[in-house]
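Heads up: the sequence lines are chains A and B, in that order.
At position 210 of the first sequence the residue is numbered 210 (the numbering used here), and the sequence of numbers has no breaks.
At position 136 of the second sequence the residue is numbered 136 (the numbering used here), and the sequence of numbers has no breaks.
Please note that the accuracy of each hint is not assured.
[What the hints assert, rightly or not] Pairwise CB distance ranges (calculated): (1) B:LEU28 to A:SER60: 21 to 31 Å; (2) A:GLU189 to B:GLY60: 49 to 59 Å; (3) B:GLU199 to A:LYS241: 30 to 40 Å; (4) A:PHE38 to B:PRO132: 24 to 34 Å; (5) B:GLY164 to A:GLU212: 23 to 33 Å; (6) A:ASP87 to B:PRO32: 28 to 38 Å.
Just so you know, these hints were derived from the structure itself, not from any lab.
This one's a predicted model, so the numbers in the text were calculated from it and none came from an experiment.
Built from N, CA and C at the ideal position, the CB exists for glycine as well.
One letter stands for each residue in the lines below.
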Amino acid sequence: MLRKRIIPCLDVRDGKVTKGVRFLGNRDIADPVELAEFYSENGADELVFYDITASAEGRSLFTDILKKTASRVFIPLTVGGGIKSLDDFDRVLKCGADKVSVNSGAIADKTLIRKAAARYGSQCVVISADVKRQNGKFMVYGRGGRDDAGIEASSWIKFCVEEGAGEVVLNSMDADGVKGGFDIEMLKEVCGDIKVPVIASGGAGKAEDFTELFKALPWVDAGLAASVFHYKEIAIPELKKRLFENGIPVRF
Amino acid sequence: MLAIVDYGVGNLFSLTSSFRAIGFEAALIKSPEQLRLADRIVLPGVGAFKDAADKLRATGLFDALKEEAAQGKPILGICLGMQLLFERSFEFGEHRGLGMIKGDVRPISDVIPKGLKIPHIGWNDLKFSPHPLFKYLRGEECVYFVHSFYGADCPSVIATTDYGAELTAAVGEKNVLGCQFHPEKSGRAGLSILKAFCEIGG
Chain A
1 MLRKRIIPCL
11 DVRDGKVTKG
21 VRFLGNRDIA
31 DPVELAEFYS
41 ENGADELVFY
51 DITASAEGRS
61 LFTDILKKTA
71 SRVFIPLTVG
81 GGIKSLDDFD
91 RVLKCGADKV
101 SVNSGAIADK
111 TLIRKAAARY
121 GSQCVVISAD
131 VKRQNGKFMV
141 YGRGGRDDAG
151 IEASSWIKFC
161 VEEGAGEVVL
171 NSMDADGVKG
181 GFDIEMLKEV
191 CGDIKVPVIA
201 SGGAGKAEDF
211 TELFKALPWV
221 DAGLAASVFH
231 YKEIAIPELK
241 KRLFENGIPV
251 RF
Chain B
1 MLAIVDYGVG
11 NLFSLTSSFR
21 AIGFEAALIK
31 SPEQLRLADR
41 IVLPGVGAFK
51 DAADKLRATG
61 LFDALKEEAA
71 QGKPILGICL
81 GMQLLFERSF
91 EFGEHRGLGM
101 IKGDVRPISD
111 VIPKGLKIPH
121 IGWNDLKFSP
131 HPLFKYLRGE
141 ECVYFVHSFY
151 GADCPSVIAT
161 TDYGAELTAA
171 VGEKNVLGCQ
181 FHPEKSGRAG
191 LSILKAFCEI
201 GG
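Excised from the complex, chain B in its bound form (with noise of 0.2 Å):
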């Protein structure tokens, strides 16, 4: 079963259909038991960093994401999912992720000159490795961004992003892969990547 991790940190609709619209339904799940019983788990997230890695411990869901990555499932983060991946973020203080990948998540605002807009908000293009999460993508496509912090100094990069800096985009080790886009929010092409996500491993 794939598995959406339901811990209070933004809606799920979109996500929830975006799967159903490529033929896989994903159940919600909100306790470490249920996730024990996940095929493959997608760790979606809106919002502040401190406040979701909070409310990932105060749930379990926080040692129990570990413990299933451990054992080799599929674990796709998406945008604040994914940056809680890493091992540290610089968000309004310095806070512990999950240590799945290795980095620190940074504001944008270090890398990208000054002037342009923050948030990075928009459709910009991926440019990536090849990677099984990308093998329906035909080439250089766009994908939607929204955000303000990046994955920096990781050696998992998958695919990046240029923002007049080269932004990490989309990461991968082993089973763990994250998307600083929003694939569910990416028109074909983010369908696409879901797609080939339900298939790793299976």
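If we strip away everything but chain A, and leave its shape as in the complex, we get (with noise of 0.2 Å):
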């Protein structure tokens, strides 16, 4: 049986984890590297690095940082910001990244996940969307939440899963950085139909909001989180053991 994956995420500025609450106020809390090879010594069943760097030498620190992890940790590895282009999805395959998480270069190239898709498989392209309420709606953020695309967002998953993308990350800005739980109903509202595996993320504040998570949505396949992680608010062995306990299929 197809166990449910726990996913933390690595946002890497400066050569370091940040993580910040609400998309405001990053803080430095970690070494990338050691923090990977923890997490994959620890029951994640997969990793995103998320390169939220916004100069050329924060950007070169940054493939060196994938690299190292690559050399190191076993487990499958997503990478995602700042990626415009097929060249960016090259400079990060190259450092041993297993699959390429696209937002804002996505919307601003609507051909971008087609190309990528055709040149590297499906299984390597992953739409990931931020999204917001708005006036009733589901709307699409870009430029890590600060710009509102103008796009309702079950639309534009729905688009992106056509265009070739192999998996979706929901998250929603709404849900994050509050640690009250997923935002079920929005996981529901623009995931409800999609045909490729959907990962959760937002919102994440203890072990039962994981559970929540399955039992309300069995078709969801993964909870991505970060800040309860890497405060060790929630140790992944730990939330494992409560899930399988819950009926919830886990790797262990």
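Take the two lone chains, each set in its own frame, and fit them into one complex as the hints suggest.
As structure tokens, this is what we get:
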């Protein structure tokens, strides 16, 4: 039986892992390579590295970190942040990424997903959508949640999957950093009939939030979180034990 | 020397790193001449069957792989690399494979219940029969899969996984071995399978 995946997300800026609350006020918390190794040894099923660097210097620091991680950590690695072109795909895949997640880049260039899927295969292309409620609608945001893209989320995600995205990460900006649980309503509305794996992101505050997610939405494949893992508020082995006790299939 | 066939499909950084992590340096080889010098061979692969088979033919590696396998060198196909070992694939048409493993490569949609997502992505159980490749595994373990096609009608299945149907997870016919899953992405279990491969026949 396919297991539900638990995925820690590492936001990396200038060589350090950071995590902000509601996309504001990032602060440094740890060495990314060490943290990745720690997670891999402690039950993480996959890791997401998100490059939130703006400078060219920071970018090369990021690819160094990626290489170091990929030479020590042998679980799937997804990389996102600043992916705008096939050259960006190339750059991170050569450093050991297995999947590449696109967000603003796919909004700016509507052909990016199709081109990337044709060259690297759908299994390599992840659409990550930052979504927020606006006048009763679910709308997509770009540039780390700063720009309203003016696109409705469910049609956007359907489009991306048709273009060849092999996985969807839905990040609820309304739930992100609040630790009040995953945004079940948004996931249901926006990803309910998606035929590729769906990863829920934003809102995890305690182990029960993951149990609730997988019980309420059995078609969700994975739960992603950052700060609750980084600050050791949730230990993954303990979380998995809890999920197992609740009848949810996980990997030990 | 352990050799990884580098024929332009997929990136091999994780694969070479995973062998290094268990103490084996792997050479990336691109020509039949290099292939002949190898003691054991890993055939990786992602993407489309036809593209990969065409690339192997264009470089002369297609026939060279068959010759080296016939001489008894251990060969491990991974993911699409495993599918290439089969006789035929029905991925977008009908294409001939290396024919080292009896059977056909068919879409998993033929056998899994409707409603299950395709591709089959994620960690799933490896149910294996005793085989040198699995000598370090503790029992049932999870490994990481990413695929939409599977090895069908195959008498050489040595491991399966359950995704609404029993799907071929690994094959073995004497020195010719293949994993549908990615051992280089399957944590400790995966590394132990790679280590076991490096020790087969050696």
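Hint check:
Distance hint check: the CB atoms of LEU28 of chain B and SER60 of chain A are about 24 Å apart, consistent with the given range 21 to 31 Å. Between GLU189 of chain A and GLY60 of chain B the beta carbons are some 54 Å apart, a value that agrees with the proposed interval 49 to 59 Å. A C-beta distance of roughly 34 Å is found between GLU199 of chain B and LYS241 of chain A, which places it inside the suggested range of 30 to 40 Å. A C-beta distance of roughly 33 Å is found between PHE38 of chain A and PRO132 of chain B, which places it inside the suggested range of 24 to 34 Å.
Take GLY164 of chain B and GLU212 of chain A: their Cβ atoms lie about 25 Å apart, and the range 23 to 33 Å holds. Distance hint for ASP87 of chain A and PRO32 of chain B: a CB-CB separation of about 32 Å, consistent with the stated range 28 to 38 Å.
Checked against the numbered hints given earlier, the structure satisfies every one of them.
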